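Sequences listed follow chains D and Z, in order. Residues 1 to 177 in the numbering used here are what the first sequence spells out, letter by letter. Residues 1 to 505 in the numbering used here are what the second sequence spells out, letter by letter.
One or more hints might be untrue.
Stated by the list, open to error - Derived coverage of chain Z by chain D (criterion: at least 3 residues anywhere in the stretch with Cβ under 8 Å from a Cβ of chain D; other residues may be distant):
hint	stretch
1	124 to 137
2	140 to 150
3	233 to 245
4	304 to 310
5	380 to 386
Stated by the list, open to error - In silico negatives: residues of chain Z with every beta carbon more than 10 Å from chain D:
hint	residue
6	Ala55
7	Met212
8	Leu412
9	Ala497
Derived from the structure by calculation, the hints contain no laboratory data. Please read these numbers as outputs of a predicted model, since none were measured by experiment. Think of the CB as a built atom: it goes at the ideal place given N, C-alpha and C, for glycine as much as any other residue.
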Amino acid sequence: MRRAALVLAVASLLLVAAPAFASGAAVDATGPELVSSDGALDGSTVRFTGEVISEPLAGGDGHVWVNVLADGTAIGVWTPRDLAEGVEVFGRYSHTGDVVRVTGVLNETCEAHGGDLDVHAQHIEIIKRGERREHPADWWKLGAGLAGLLAAYAGWRRMRRLEEGSLSDRDDPRLRQ
Amino acid sequence: MWVGVRKRELGAIAHYTGLLVASLALVMVVPLVTALLSAEWDPALDYACGIGVAAAFGFLLAQGAPRGAHINRRDALIVTALSWLAGSLVAAVPLALSGHYGSFLDAFFDAISGLTTSGLTLVQDLDHLASAHNMWRHLLHLVGGQGIVVAALSVALGLRGGGAMSLYIAEGRDERIMPNVMNTARFIWFVTAVYVLAGTLVLSVVNMVAGMEIGRSVLHGFWATVACYDTGGFGPTSMNALYYHSPVFEIVTMTLMLAGTLNFNLHADLWRGDRTEIFKNLEARALAINIAILSVAVGLGLAVAGAYATPAEVLRKGLYHLISANSGTGHQTVYASQWATGFGGLAFAAIILAMAFGGMASSTAGGIKALRLGLIVKGVVLRIRESIAPGSAVIRSTYHHLVDVPLTADVLANALMLFTLYTVTYISGAMIGAAYGYPAGDALFESVSATANVGLSTGITAPGMPAGLKIVYILQMWAGRLEFIALFALVASVFAAARRRRAGA
């Protein structure tokens with residue numbers, strides 16, 4: 001009875017811990033950690049979250065490149081085209097890009113890609129769909145610009161008048177003497 | 001004797017400085033149109049405001065004297081020094097209004113970095129910056145690369161007459177490709193237009209093939225072309241050249257960097273079909289030898305450090321960054337943190353030397369310049385020959401730079417003086433960086449990058465860096481672009497004026 005209870009306890013523990021062991025293969029990291037691990041994460045399976053900031057760019061061999069901005073540092077993710085198909089919106093002035101969670105192998109100097117630091121993706125999950133960014137217009141700037149142009153015009157007119165004045169002075173025979 | 005600036009001369013200085021600043025208002029129309037075409041309404045207002053400020057500031061200053069007022073060589077130096085500073089101030093206005101800079105100082109830093117074609121940046125959230133602002137940042141490279149004076153001369157913005165040539169030379173240029181300074185300025189813009197059009201076309205196609213939509217392909221193509229040909233280094237994304245993941249992109253941009261580092265006189269010779277000059281020109285030879293030696297050093301350094309597994313990777317990474325450093329461009333395909341950890345000591349040192357030496361004189365490149373290095377080496381050889389020759393022998397040396405020129409003590413002294421000024425500035429900036437607590441190697445790298453107007457960064461240049469260090473780098477970029485003399489003329493004139501006032505009081 002005691003042995004059965006022990007087996008049951010160990011089995012339960014394994015069952016609960018299994019996802020943890022599975023995810024233990026992937027190290028959670030931030031963008032800055034990925035680019036400054038100094039070899040510690042090279043070749044490891046890593047997992048990071050960030051905003052897509054590029055449209056899928058041709059990567060050859062049925063793959064595409066997707067650049068992901070994670071905690072202020074952008075990482076190039078080389079991924080099979082089908083994994084990136086879910087990505088719809090990339091970040092730019094008008095839009096915040098899709099937020100994705102990438103799992104893949106970090107290569108600090110990727111032999112397949114000319115020594116670039118990149119991540120070869122195994123899994124891409126869309127966490128949040130990208131959206132339009134609002135940029136309310138500050139109309140006071142137009143007022144300031146117009147006031148500046150008016151001042152510039154006044155300055156230019158004054159300069160012209162001074163020039164005409166100095167030219168007519170030069171033409172004045174009384175002033176030539 | 002120090003001669004101060006008199007009131008009438010001050011008026012002429014203000015007049016020309018004002019005209020040069022006002023010319024930037026004209027250039028701001030381009031990002032304004034970009035904003036309107038891209039439906040970026042708030043950035044459009046940033047440029048509406050910027051145009052007003054630049055025009056008002058410029059024309060207010062221009063009141064100082066009538067058009068065509070005469071200025072002497074000293075005043076031209078002061079106008080140049082002031083107009084690069086005042087130009088950067090007004091250029092910073094739309095950037096500061098963008099909301100992507102922590103302070104006006106940060107926007108000013110980027111403006112002067114753009115104009116001096118340095119490429120160091122303090123912009124925040126670059127990946128969401130409007131196309132209009134990216135257009136402006138890259139146009140600053142274009143205007144600054146050719147020179148504010150050259151830009152104004154090309155459109156004949158009131159610079160006809162007495163001061164045109166003095167201003168042109170004061171901007172750190174000495175080529176007289178055409179008999180007339182106005183035509184020389186236009187030739188410089190013609191050469192630039194040919195490269196910019198060709199580069200934009202090729203890179204647009206590369207981007208389109210990679211999968212970018214047409215509009216973005218062309219904009220990114222234009223920006224990368226301008227940043228490379230003008231040896232600037234800004235990029236429209238935080239990943240810089242790494243964004244494109246393309247060896248073809250790297251080859252095209254490397255070609256543009258090399259074209260940008262070529263003396264405009266050599267461009268003129270190539271344009272006329274004379275290819276012999278480039279092979280016998282001392283400066284071209286010095287640059288070729290410099291690149292060859294430093295390439296070997298970078299290659300060896302990377303191999304010894306074991307940073308890259310294959311020779312192909314060593315070649316791709318090493319050559320790209322060496323050309324980027326030597327030409328003063330500053331595009332990079334490694335992360336800032338990888339300089340210290342991935343490159344190893346020898347390659348890191350070779351990149352610093354490449355930045356310090358720079359490209360050719362009368363190009364858009366910065367640094368000490370290959371011509372001066374060539375002259376100094378020739379001077380050393382001459383000295384050795386003199387020391388082993390019989391006492392009665394007269395040893396002379398000449399060098400070929402467009403024509404055969406005797407190597408005189410004056411020429412050598414001038415080259416050595418600028419070599420010394422650059423070296424002292426490199427080291428001083430490094431010591432200040434180290435005093436702020438940054439590692440000495442990184443501080444030297446960043447200081448050289450700022451002074452030689454390169455833009456490669458180990459990560460010190462960031463929005464969070466101390467304000468004092470931002471000001472130091474601003475001064476280094478300014479002084480380096482104007483090759484010190486214009487800056488010294490300004491400082492000396494201010495001191496002389498202060499002394500005269502004290503004596504009068």
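Hint check:
Only when three residues or more bring their CB closer than 8 Å to a CB of chain D does the claim for the stretch 124 to 137 of chain Z stand; here the count is 5, and the claim holds. For a cut-off of 8 Å, the count of residues in the stretch 140 to 150 of chain Z with a CB near a CB of chain D stands at 0, and the three-residue condition is violated. Counting residues of the stretch 233 to 245 of chain Z whose beta carbon lies closer than 8 Å to any beta carbon of chain D gives 7, which reaches the threshold of three, so the coverage claim holds. Restraint check on the stretch 304 to 310 of chain Z versus chain D: 4 residues with Cβ-Cβ distances below 8 Å, three needed, restraint holds.
Counting residues of the stretch 380 to 386 of chain Z whose C-beta lies closer than 8 Å to any C-beta of chain D gives 0; at least three are required, and the coverage claim is violated. Some Cβ of chain D comes within 10 Å of the Cβ of alanine 55 (chain Z); the nearest lies about 4 Å off, and the non-interface call is violated. With a least beta-carbon separation of about 6 Å from chain D, methionine 212 (chain Z) fails to lie farther than 10 Å from that chain, contradicting its non-interface assignment. No Cβ of chain D approaches the Cβ of leucine 412 (chain Z) within 10 Å, the least distance being about 42 Å, so the stated non-interface status holds.
Separation of alanine 497 (chain Z) from chain D is adequate, the least Cβ-Cβ distance of about 25 Å exceeding the 10 Å criterion.
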